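Colleague: Take a look at the letters that make up each chain.
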Amino acid sequence: DQQVKQNSPSLSVQEGRISILNCDYTNSMFDYFLWYKKYPAEGPTFLISISSIKDKNEDGRFTVFLNKSAKHLSLHIVPSQPGDSAVYFCAASEGGATNKLIFGTGTLLAVQP
Amino acid sequence: NAGVTQTPKFRILKIGQSMTLQCTQDMNHNYMYWYRQDPGMGLKLIYYSVGAGITDKGEVPNGYNVSRSTTEDFPLRLELAAPSQTSVYFCASRRRTGTPDTEAFFGQGTRLTVV
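Quick mapping for you: the protein sequence lines, in order, are chains F and B.
Taking the numbering used here, the leading residue of the first sequence gets 1, the next gets one more, and so forth.
Taking the numbering used here, the leading residue of the second sequence gets 114, the next gets one more, and so forth.
Pulled out of the complex, with its shape left as it was, chain B reads as follows (with noise of 0.2 Å):
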């Protein structure tokens, strides 16, 4: 059971370039998250889905954008990428339940360094 795989592990981009980090999970979960950790902070929540085509904001979603065209997979897509943007980013699904009572299971992260 491979869980949530995210790739790539690590990526150096320039200022001013684009890329998509990618993000799918095997446990057919409903709710999935992406979340970056800056050096000695915690984790701040960027976009979040409860399920194919639903997405909304989290805590810092300036600078990305996400789309869930299916159940396993969450792409974050950097548009222009600025220096205060590197970082590493986590992702995450979570079961849907009649209640809350779940936890969420991580990737191991991309670790994205913008020069």
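Chain F extracted, bound-state conformation (with noise of 0.2 Å):
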């Protein structure tokens, strides 16, 4: 049973657009959700997050938007850069005593020059 689903493989847009990247959830009682980028060779890196108490978070040219109602969460990158290239994966944790941390599949995303 996949808690966090990321549907789309893969994604490619031009440099200086939007990329936008998707998430699904199923777990009402996440309360607490992150991206991470991730280079081959290398763990995950943390890029940023947002609480369920708010529906949108904004760091620099990363924005994450949460819509509760729907169970789905969504990066945008403006503008996009060559660098961002990577895996991006969606994560969500459970709160209370467990803190279980839960990931998606993961998306590569490819910035074309």
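Note that these hints are calculated values from the structure, not bench results.
Keep in mind that this is a model prediction, so the values were computed, not measured.
All C-beta atoms in this analysis are idealised placements derived from N, C-alpha and C, irrespective of residue type, glycine included.
One or more hints might be untrue.
What the hints assert, rightly or not - Here are some of the chain B residues that sit facing chain F, going by a computed Cβ distance under 8 Å:
id: 1; residue: Tyr144
id: 2; residue: Tyr146
id: 3; residue: Met154
id: 4; residue: Gly155
id: 5; residue: Leu156
id: 6; residue: Leu158
id: 7; residue: Phe203
id: 8; residue: Arg207
id: 9; residue: Glu216
id: 10; residue: Ala217
id: 11; residue: Phe219
id: 12; residue: Gly220
id: 13; residue: Gln221
id: 14; residue: Gly222
Two chains, two frames, some hints: make the complex.
Modeller: This is the structure we're talking about:
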């Protein structure tokens, strides 16, 4: 049972345009959501996060939107740069004592120069 | 600041052999996690720990064991290696706060091949 889903395995965009990566979740107990970026042969690195009490969080070129009623979040990258080419993982945390951190399957973003 | 350190970086095991993947963090984080990433797949949670002496199963725990005797270390044990355990393994740690609004920090990974 995949609790966090990224239905687009890959995405290709032109440099300077907007990249939109999507993520859906099924567990209503998730209260904190994160995006990670991963380059080959490296560990994932944290990008941006959002609490369930918010619907938007912005950090420079990166903005995450959360729609709790739809159990959907998205990551917007504007403008996209070739260095953004990587695999992006969505993750969700269930609060309380466990703090389990569940990841999605990832989306490979390719930004074309 | 070393962060999360995993050893070894690469390992080839024969079917039936056992090994321990080491993970240590120097950030005094309470929460620690083990994930595996199969080719073209996401990160699957194997085991996690909320503090020394406390561990729990994740999404794919079968074939693995963990222990957490100290805050710093969270080793992952494979008792009878199988080809299905060929994967890249990542360890992560996360600070405990009153609310879960913190990110997890990852190690560089251990690439394991079982032949």
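Colleague: Each hint needs a verdict: does it hold in this structure or not?
Modeller: Hint by hint, here is what the structure shows:
A hinted interface residue such as tyrosine 144 of chain B counts as satisfied when its beta carbon comes closer than 8 Å to some beta carbon of chain F; here the least separation is about 5 Å, so the hint holds. With a least beta-carbon distance of about 6 Å to chain F, the hint placing tyrosine 146 of chain B at the interface is held under the 8 Å criterion. Restraint check, methionine 154 of chain B versus chain F: the minimum CB separation of about 6 Å is within 8 Å; hint holds. This hint holds: glycine 155 of chain B has a C-beta 4 Å from the nearest C-beta of chain F, less than the 8 Å allowed.
Proximity of leucine 156 of chain B to chain F holds as hinted, the smallest CB-CB distance being about 4 Å (cut-off 8 Å). For leucine 158 of chain B, the suggested interface contact is upheld, since its CB lies about 6 Å from the closest CB of chain F, less than 8 Å. At about 6 Å, the closest approach between the beta carbon of phenylalanine 203 of chain B and any beta carbon in chain F falls short of 8 Å, and the interface hint on this residue holds. Hint status for arginine 207 of chain B: holds, given a least beta-carbon distance of 7 Å to chain F, under 8 Å.
Taking 8 Å as the C-beta cut-off, the interface hint given for glutamate 216 of chain B holds, the closest approach to chain F being about 4 Å. Here the hint on alanine 217 of chain B is kept, as its CB sits about 6 Å from the closest CB of chain F, short of 8 Å. A distance limit of 8 Å between C-beta atoms decides the matter here; for phenylalanine 219 of chain B the minimum to chain F is near 4 Å, and the interface restraint holds. With 8 Å as the threshold, the beta carbon of glycine 220 of chain B comes within range of chain F, its nearest partner Cβ sitting at about 5 Å, so the hint holds.
For glutamine 221 of chain B, the interface hint holds, since its Cβ comes within 8 Å of a Cβ in chain F; the closest pair sits about 5 Å apart. The beta carbon of glycine 222 of chain B comes within 5 Å of a beta carbon in chain F, closer than 8 Å, and the hint placing it at the interface holds.
Going down the numbered hints, you'll see the structure goes against none, and every one checks out.
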